[in-house]
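Asker: Chains as they are written, first to last, in my numbering: chain A, -5 to 259; chain B, 453 to 640.
A hint or two may mislead.
Claimed, not checked - Here are a few chain B residues that sit away from chain A, every Cβ distance over 10 Å (derived from the structure): (1) ALA455; (2) GLU457; (3) ALA617.
As the list claims (entries may be wrong) - Heads up, incomplete: computed chain B residues facing chain A, CB under 8 Å, no partners named: (4) ARG474; (5) GLU478; (6) ARG479; (7) ARG482; (8) PHE485; (9) GLY493; (10) VAL502; (11) GLN503; (12) PHE506; (13) LEU513; (14) PHE516; (15) HIS598.
To be verified - Negatives, chain B to chain A, calculated, CB over 12 Å: (16) VAL458; (17) ARG466; (18) ALA488; (19) SER514; (20) ALA520; (21) ARG528; (22) SER587; (23) PRO588; (24) LEU589; (25) GLY612; (26) GLY614.
These are calculated hints, taken from the structure and not from any lab test. The structure presented is a predicted model; accordingly, all values stated were derived computationally and were not measured. Glycine included, each C-beta is placed from N, C-alpha and C at the ideal position.
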Amino acid sequence: MSRHYSEEDLILYYYEERPRSAGIQQHLDSCGQCAAVYRDLVATLKLVATPEAPDRGDQYGLEVWQRIRHQLPEQEMPWWSAWFRADRLALAGAFTVLLLAAFVAGRWWSATNAPAPTVASVAAPAPSPAAANDESRQRILLTSVADHLDRSERVLTDFMNAPAGGDLSAEQRWAEDLVVTSRLYRQDAVQSGEASVALVLDELERSLLEIVHTPSRATAARLDEIRRRIDAASLLFKVRVLGNELRQREDPQGSRPRALATQTS
Amino acid sequence: MDATEVAAVLARARLGDSEAFRTLVERHSRRAFQLAYRMTGNEQDAEDVVQESFIRAYRQLSRFEARAHFSTWLHRIVANCSVDLIRSRRARYDHTSTDDLGPVDQPEADVPNPERLAASAQIERKVAAAMSELSPLERAAFTLRHYEGRSIAEIGRTLGLGTSATKHSVFRAVRKLRAALEPLRGES
Chain A
-5 MSRHYSEEDL ILYYYEERPR SAGIQQHLDS CGQCAAVYRD LVATLKLVAT PEAPDRGDQY
55 GLEVWQRIRH QLPEQEMPWW SAWFRADRLA LAGAFTVLLL AAFVAGRWWS ATNAPAPTVA
115 SVAAPAPSPA AANDESRQRI LLTSVADHLD RSERVLTDFM NAPAGGDLSA EQRWAEDLVV
175 TSRLYRQDAV QSGEASVALV LDELERSLLE IVHTPSRATA ARLDEIRRRI DAASLLFKVR
235 VLGNELRQRE DPQGSRPRAL ATQTS
Chain B
453 MDATEVAAVL ARARLGDSEA FRTLVERHSR RAFQLAYRMT GNEQDAEDVV QESFIRAYRQ
513 LSRFEARAHF STWLHRIVAN CSVDLIRSRR ARYDHTSTDD LGPVDQPEAD VPNPERLAAS
573 AQIERKVAAA MSELSPLERA AFTLRHYEGR SIAEIGRTLG LGTSATKHSV FRAVRKLRAA
633 LEPLRGES
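Make a model of the complete structure from these sequences and hints.
Answerer: Next comes the structure, spelled out in structure tokens:
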């Protein structure tokens, strides 16, 4: 007689998940011990009948829609489609104008202040316009994100310290404005390969959305629940540290006063 | 609604058209509720899962691949929302001990009579209690295998588990159910 089958083999056999099940069937026909285990297994699983879900009428889909329609969040859009929306196009236009202005100003500044070219400087390869554009774009992004993080930190701090039962509508309006900006910066960060920035912005966006969708006079329990999530993610800390880091990258010489250096932690 | 219309609705929903998404909600809610009910074993929890699943689906529509079936994708979301909900609420439920439920009389007659109906209700209660003792993943894997008839490979894809982990979740679930329902078998 061949070896006995394990309970696991028999479970897979019952659910027809086992190849070569004919071998098991033959074994069960000839082995009383395995056949008894299998009968016991089948008896148990037959007791577990599929529960009948309470009936939901034809209008159920509509009822679900009515319940969720006002809770629908912003969709996570693919980055390319985001730029085809009117507000995005306007922002992209403004961004282009800013880049052009920076480029023209840079050329003018270089022309009026540059020392006479030396042999070495003439021989050195000049950065390509594309590289210069990328660098400018990166710097503008860093500055903007750092400012955005400052604003977000203030909203989060206000929210964390708001009294239970108080009116949160001002914080919510502020957070709502920041959600849109946050999403744009996150997409920019992803495109620029700034994965860690994108990650923090993603977390920030979710918490801001949660604040926006909380009732403006939330109960203490609801507030605690959101605050615990923000605390658990160490979001305020991450926002502060990233803001600080971006300021340093933006101005590595420390020639400008750092906004966060003046803040108390 | 034919395949072309479904594709068009999906495309519009992915571009943020909430009316198109409404069509999807109306079309798939009942099936979503049925699955959520089997996964959670509780009507109110199932309602919560359905709502949360559609909200999650709406947020993540850009990740949905047009080649796939929306119902399959939604099924995966409902299953995972159910697991999340069971995890979060598990501590709040008082687990009904199966020890206090003795052997059940199971009359042999085919025609339902009051005794038979009472026995059947008692079996249902004992099964529900035994199911509530499973871990969220064991319960999800078992539900998908036993009630929904999904293959181990499909369950693994749905729950984000490997084949071996999926099988072991089903094995552990069956083992626990056998132990919990032993008294019923003794009388059957």
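Asker: If a hint holds in the structure, say so; if it doesn't, say that too.
Answerer: Results of checking the hints against the structure:
no.: 1; hint: ALA455; in the structure: holds, 20 Å
no.: 2; hint: GLU457; in the structure: holds, 16 Å
no.: 3; hint: ALA617; in the structure: holds, 14 Å
no.: 4; hint: ARG474; in the structure: holds, 5 Å
no.: 5; hint: GLU478; in the structure: holds, 3 Å
no.: 6; hint: ARG479; in the structure: holds, 6 Å
no.: 7; hint: ARG482; in the structure: holds, 5 Å
no.: 8; hint: PHE485; in the structure: holds, 5 Å
no.: 9; hint: GLY493; in the structure: holds, 7 Å
no.: 10; hint: VAL502; in the structure: holds, 6 Å
no.: 11; hint: GLN503; in the structure: holds, 5 Å
no.: 12; hint: PHE506; in the structure: holds, 5 Å
no.: 13; hint: LEU513; in the structure: holds, 6 Å
no.: 14; hint: PHE516; in the structure: violated, 11 Å
no.: 15; hint: HIS598; in the structure: holds, 6 Å
no.: 16; hint: VAL458; in the structure: holds, 15 Å
no.: 17; hint: ARG466; in the structure: violated, 8 Å
no.: 18; hint: ALA488; in the structure: violated, 8 Å
no.: 19; hint: SER514; in the structure: violated, 5 Å
no.: 20; hint: ALA520; in the structure: holds, 16 Å
no.: 21; hint: ARG528; in the structure: holds, 17 Å
no.: 22; hint: SER587; in the structure: holds, 17 Å
no.: 23; hint: PRO588; in the structure: holds, 17 Å
no.: 24; hint: LEU589; in the structure: holds, 16 Å
no.: 25; hint: GLY612; in the structure: holds, 19 Å
no.: 26; hint: GLY614; in the structure: holds, 15 Å
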